[in-house]
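Residue numbers (our numbering), protein chains in the order written: chain A, 27 to 356; chain B, 24 to 144.
Honestly, the hints are just simulated from the structure, not real lab data.
C-beta atoms are modelled at their ideal positions from N, C-alpha and C, and glycine is treated no differently.
Check the hints yourself; a few may be wrong.
Unchecked claim - Beyond 12 Å from chain A on every Cβ pair, some chain B residues (computed):
(1) 36
(2) 55
(3) 124
Stated by the list, open to error - Now the stretches of chain B that chain A is said to cover, found in silico as 3 or more residues with beta-carbon under 8 Å:
(4) 56 to 62
(5) 78 to 90
(6) 113 to 121
(7) 126 to 133
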Amino acid sequence: MIAPFAFLILAACFMLAGHFAVQPAAWPRRAPRLAIALWQALSGATVVSLLLACVSVTLPGMSAAATLSEALHACATELQHQYSSPGGALVSTTGMSVLAFLSFRLIQALWINHRTTRRSRREHLATLRLIAHRDESGILFVEHHATAVYCVSDPRLRGAGAVVVTTGAREALTNKQLHLVLRHEWAHLRSRHDRLVLRSHSLAEALPWLPFFRIAHDQIAELVELHADDAVATRDRPDLAGALYRLAGGSPLNEPAGSLSATGPAALARVGRLVRPPAPLRRSGAALVAAAIVATAVAPVTLAVLPAGNGISHHCCDPFGQAVSFIGDA
Amino acid sequence: MGPLETAVMQRIWDAAQPQSVRQIQEQISAERAFAYTTVMTVMDNLHKKGLLERSRKGRAYLYSPKQSREQYTASVLGHVLSEGGDRQGVLMHFVEHLDDEALTSLRGLLEEHSREDGPRS
Numbered sequence: 027m028i029a030p031f032a033f034l035i036l037a038a039c040f041m042l043a044g045h046f047a048v049q050p051a052a053w054p055r056r057a058p059r060l061a062i063a064l065w066q067a068l069s070g071a072t073v074v075s076l077l078l079a080c081v082s083v084t085l086p087g088m089s090a091a092a093t094l095s096e097a098l099h100a101c102a103t104e105l106q107h108q109y110s111s112p113g114g115a116l117v118s119t120t121g122m123s124v125l126a127f128l129s130f131r132l133i134q135a136l137w138i139n140h141r142t143t144r145r146s147r148r149e150h151l152a153t154l155r156l157i158a159h160r161d162e163s164g165i166l167f168v169e170h171h172a173t174a175v176y177c178v179s180d181p182r183l184r185g186a187g188a189v190v191v192t193t194g195a196r197e198a199l200t201n202k203q204l205h206l207v208l209r210h211e212w213a214h215l216r217s218r219h220d221r222l223v224l225r226s227h228s229l230a231e232a233l234p235w236l237p238f239f240r241i242a243h244d245q246i247a248e249l250v251e252l253h254a255d256d257a258v259a260t261r262d263r264p265d266l267a268g269a270l271y272r273l274a275g276g277s278p279l280n281e282p283a284g285s286l287s288a289t290g291p292a293a294l295a296r297v298g299r300l301v302r303p304p305a306p307l308r309r310s311g312a313a314l315v316a317a318a319i320v321a322t323a324v325a326p327v328t329l330a331v332l333p334a335g336n337g338i339s340h341h342c343c344d345p346f347g348q349a350v351s352f353i354g355d356a
Numbered sequence: 024m025g026p027l028e029t030a031v032m033q034r035i036w037d038a039a040q041p042q043s044v045r046q047i048q049e050q051i052s053a054e055r056a057f058a059y060t061t062v063m064t065v066m067d068n069l070h071k072k073g074l075l076e077r078s079r080k081g082r083a084y085l086y087s088p089k090q091s092r093e094q095y096t097a098s099v100l101g102h103v104l105s106e107g108g109d110r111q112g113v114l115m116h117f118v119e120h121l122d123d124e125a126l127t128s129l130r131g132l133l134e135e136h137s138r139e140d141g142p143r144s
């Protein structure tokens, strides 16, 4: 019964690493794309480790090195063996219930959010056809005094969508500033940031008891903004910062906004980064982060394939089961 | 909201008086022919969706917009802006509206930068 603990410890390591090593670090601001990939790897590896912990509780003698058909066969004999003792039956049932519960929550959150967001986007794009007029470069202008610029990705088109600019925003910005803001929005659409944010949001919603996923979501949501800002040339970034200030409500034309958000600190950090762009991460640093991403991604699988200390051999008399336990012991 | 629904709404918003299905169908058919019944179904749907109001005149209905184009735009934008905290990424805002305190700090940062930059440029 060491394997379940090994997987739980692994999951805890990922979560603690995200919480205490990546979140407070300064380098993500210098390499937002790598940082996004690292957060995704940490989130994915944590989920996989948690699920594998449940699997290894249910089937303690199983090795993932078994091929699928062997695994299925071994599952049956393994479960038979587990259920032959009352304690084993209890542990297996608990493991299976937790596995089913976690899988259900994950699939539900990911699937339902995917569906509802797709629908909301389609509906919003349809509404825009009614109220916006499209200029020759494809921007949708909406007659409204509030300063707002946003993008909606089109669920039917890969990496494309609509960028909406209100007439209030148009008046608040210079031509150059508008162009820079559009570059930022196009970068969101091109890099499909909406999918990253939606996925991390769904994980946080599915596993609300683990604060790690809330942190991962907040970090990814902030990092995609920095990544999109990087689509603007370094010398133009102070101008983009000016545009941000005007659109956030600092324009003399602006009327008091209906809703105020609590994203002040994030906006400040963004402007600080725009007016004084930090040096990009050095090659050695980037290589180190890339190695960490790969290590994170393969760690749970490695642990599953090499069941260290998982020497409980099961007593089953058919050759398949023996082959599995042999691989497991080897 | 399909293309035909959009076309109908635009015609109704542009018209000064309430319009009958026949009037709208004639206007739209100037660009592309649509059957009377098709336009009638679309307008009936828009009525059900709450975008159009209708009153009976003789044997036909006369349709008028429930909200003017400006009112409708304002309600859509109000919805978009009130969902500023929407972090699911249905929409991705360039920046959300900030309170005065955050704006003052932002202005401070920008002014500090332009002072630093001043002598060089």
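Practice prompt. Quick one: which hint numbers does this structure break? Sort them smallest to largest.
Written response: Going through the list in order, the structure violates hints 1, 3, 4, 5 and respects the others.
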